Each structure stands twice: as structure tokens, then as C-alpha cells.
Amino acid sequence: MGRVARALVVHELSERTRDRWVLVISVLFALLSSAVSLYGRSAGATAAKLTGPSLVTLVSLLVPLVALVLGHDAVVGERERNTLGLLLSLPVNKLEVVLSKFLGRLLALAAAIAIGLGAAVAMASADNRAVLMQLVLPTLLLGAAFLSLGVLISAVVRRQLAAASAVVAVWFLLVFFYDLGLLGLLVLTQGGIAPGTVADLVVANPAGLFRIEMMQRFAGPDVLQNLGMTASPPGPVAVAAIWAAWILVPLALSGLLLSRQKVSR
Amino acid sequence: MKRLSLGGVSVRFGKLAALDGVDLEVEAGEVLVLAGPNGAGKTTLIQVILGLVRPNQGQLFVDGHERHVDNAFKRVLGYLPEAVAFAENLTGRQVMRFFASARGVKKAHADEVLERVGLAHASRRAVRGYSRGMRQRLGLGLAILSDPELLILDEPTGGLDLEGLDVLWDVLAEWRQKGRIVVMATHDLTLAERRVDRICLLRAGSVRAVDTPARLREMAGLPVRVSFTLCEGSAQAEALVERVRRWGEGHEVSRSDGVLGVEVEPNGLLPLLELHSGYPEAVSAVRVEEPGLDMVYEHLLEEAS
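Chains U and B supply the protein sequences, listed in that same order.
Quick note on the numbering used here: the first sequence kicks off at 651 and runs consecutively.
Quick note on the numbering used here: the second sequence kicks off at 430 and runs consecutively.
Hints are not guaranteed to be accurate.
[Claimed, not checked] In silico DSBU-like links for lysine-lysine, alpha-carbon gap of 35 Å or less:
{"id": "1", "chain 1": "B", "residue 1": "K431", "chain 2": "U", "residue 2": "K912"}
{"id": "2", "chain 1": "U", "residue 1": "K912", "chain 2": "B", "residue 2": "K535"}
{"id": "3", "chain 1": "B", "residue 1": "K444", "chain 2": "U", "residue 2": "K912"}
{"id": "4", "chain 1": "U", "residue 1": "K912", "chain 2": "B", "residue 2": "K607"}
Just so you know, these hints were derived from the structure itself, not from any lab.
The structure displayed is predicted, hence computed values, not measured ones.
All chains, please: the whole structure from these sequences, using the hints.
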């Protein structure tokens, strides 16, 4: 990584840490996750077992939204402020700019995740802590995938307001409506879709992949079968490939788009 | 860098030809101004030099060799964009330090540059509280931060007060003296006239003329205005007015508030002044005004179109 890219990562991180929105969301995440954890600790053994799955639900709703919002102005914000030209006059190429912006924001997101999950782990009972620690890496991957999508949206649209609307739409689509859509498809086809295809479609969505992965960790490897999905879950290589695709492809597309667009408004 | 040239550069945005076969050369120690109406192609030309726009045709040359705008090239250039802007929540010092760290410049030097552009007192204030002129000064500071061999300034005079303009003129003089290259787009030709070496007039993406301000003035051949402050009540003054009116048939001659004004072609100036010397008691002062460079520029562009 070159000097400009490093400076840009640090600059992005320090800008985000000054962002009140990031601070508010980190505190909110910490409060909610510690509340879930505290409830699990105080309400007996059954509730303690549910702490992990409850946190999965919280993370799968909140982290994609935070990540998308963090990424939404990465490129379009610079363009709208008319600072992109100045930035690109530095000895750095457009893909490096995209990657540096992503990395700086990912570090800020990682800090927010650390605060949120850290609070949950701190409040959890001693035997539950190790279980909850398993959430850290998949949460980071989930955040990175949605952040990458946010950056792509910021490279596609020409106005920050449009980017904000788009990220909210993508959040609804991938976090809420995607599974409902699959369910609807199954009903419409009266189960005519092969179980393997359904499983593939579920894990093709980063939010779905995160949920399935975490369910397997918290409820054991047979959870898919127990839920009526008879196909075998994706192996670690496939999982890694899906995460890599969700993180890297949008970034590469963002770099490509930026190199083909006019720099000024 | 001894010479920067553009050879046959054309840029199209859809059907619009933003630049059309532009050939241009700038030598070390020269300040070249790009002038032209809005949409003439000044900013596009600058963006080609910066590598922000890829030409459909033509090349950039440095010292006679074709040059791709890569990171090595960007290391030797400094740029002030038109209507420069920054992240509003950062202080001037933070902005300067970010660019210093990106360009490998020491923090102490970044602080010196802030001092040089007259922003040391405001360096800890957020940019959102800066006036347009202060932003322009900060932008100029960023452009000169790494002591670049090639300085590119897009409308640098916008919003600058007299003190800010002095900083700008100092920078131009220093860069010229160091044998560096400055390319500057501006509409303030009259303001810049005495500080620049050559002016490139652009219209509709084409170069219409490139020359020194003096040569462009000659090319335009616009009339010069001569004002005689008359010694009212003197017989010689009335005689002079009469004489000038007869001499100046076909020229614009006016008399108002004790001043006789005559517009003459540049080659008519000496005969007119000689004529006045025959009436030593008629006039208390004589003033000769050349047309502003902005008028020269408008005339040349009209002529070209």
C-alpha cells in the first residue's frame, strides 16, 4: 500500500471517528447487545442459550444498515463536495482511492462492532462468553460485505441523497424482503424448486449466509435439516468464496466505474 | 521538467467536443494563462494534464517525450481546482496535514505553508467557518505544499482579497524564478496581465491565439483612449479642442467635465500627442489608457468566431 493510500485510510478513519452518527450507532449497538446479554444472564439457562441467536438477529439487522450508511457517501460525497479532483491529483489511482476509503471505513465499523459485541461479551455469563466470541469474525465479514455494497452504490449514483435512498432500499431488500421473496417463490411454485437451489439462494445473500452460519454454530450442523432444508450446507471454502465475492466484486466494480466517470459534478 | 506540451489533444463528451485538436507548449520558467468563455475547454485541458480526463486523441509530452499521467508524474505537480472544497468538519491544519502526509511532506513544512498563505491564525478552525477567499488560500497552500515542478491553478483569483492576491502573485513570481512551469486558467485577465508570460485564448475547445499580453494587444489593434485635462477658460484650450475635433474626424471625441477624450488607433497616438504640443497652455495633464486585456480578449475571440 502506497503512502497516499495509507494517509487516506488514516484520514477516513479519523473522519469517521468524528462522525456523530457512528458514535450514536456504536452506543446504541452496545446498549442493545448488552441488554440481550444481561437478559440471558439473569433469566436462567434456557434464556442464556438464546443469547447467541438473539444477538445474531440484532447483528443481522443493525450491522448491514450501519455498514451501508457508512459506505454510501464514499465516492459520491467527494464528487458532490467537489473534492474528488483534488484527491485524484495526488499520486494515487482510482482503485486505490476506493480501497483506501473502504478500509478506513471498515476500521471504523470494526471499532463499532468491537464496542457492541464487546459490551455483550462483558455482560454475558462466563460460560456464554466463548460462544458469543464466535460472532466476531462473521459479523465483521457481514459488515465488510454491506460496506462494500455501500461503496459501490456511492460510485454508481450522482447525488448523495440518491445514495442514501438506495442504501436503505438495498437494506430492506437483502435483510427483509429477500427471505420473504424466497418463501413466496416456494409457495408459488408449490415446492417445485429443488432444495439445493433454495439453500444456494439463501446463502447467496450475505445476510442469509451470516444467519445460516451462525445458526449452525449455535444450534449445531443439523440446523438446516431441522428447518426443513434438506440440502447440505456450504463448506468452508464455499463460504469463504461467497464472502470474498461480496466484498471484492463491488469494490472492483466501484474502481472500474470511477475510472470511467467524469471526476467533476 | 523543461517543457510540457500537448499534441493534437481532442476530448469528446458524447457529441460535445470539449477539446478539439489542441496543440500547446509551456516552457520552464513560464506562467501560461488559459483564457476563454465558459465552456471553452480550460478546465478540460487542465484535467487532461492531471490525468483526470483521458483524451480521445492526442498526447501529453514532457521534455519532448510522450508521457502517461502516472503516479510519478503526479508527484511533481500541484493543483488548485476551481471552487476548491474540503471536508467541512476538518480544520485547515488537519486538511494541510493530510495532504502533507499523502505527499510525504514534513508537518513543520505544512505549518510553514499555512503561514505563507496567511492562514496560520485560522488553522485550528473548521473549514466550514472559512470564507471563500480563505478556502482559496488553503487550496493554494495545498497546491504549493510539495514545491511542485508543475503548478496548475484553475481560477485561483476567485474570492481572494488584495492580501490573498499578493500571495498568489508572489507564488507565480517564485515559480517563474525557480524555472518551474505554471498553467493557470482565469477570467481575471486584467488582474493577471502583468504577472503572466503568455496567454492561450480558447474558444469552443480550440486554441484561437497564444502569445504574450503585449503581442495580443498588438494583434487586436484596439483604440487607445487619450484624455486631456483642459485649462478651462484659456484660449489655447478652446483652440486645441477645435483642432483635435478637425483632426479626429471619424474618431470618437468627447468633452465633459473639463476633460477632452479621444479614442485613436495605436498608430495615431504619436500624431495626436504631437498636435497637442503646439498648445502648451491648453492642457494641465494628459492620460493615455490602453484597452483592458479583457477587451482585447473579447475582441480576438469575436474576430476568431
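Structure-based check of each hint:
| no. | hint | verdict |
| --- | --- | --- |
| 1 | B:K431 to U:K912 | holds (30 Å) |
| 2 | U:K912 to B:K535 | holds (32 Å) |
| 3 | B:K444 to U:K912 | holds (15 Å) |
| 4 | U:K912 to B:K607 | holds (34 Å) |
In the structure shown, no violation is registered for any of the earlier numbered hints.
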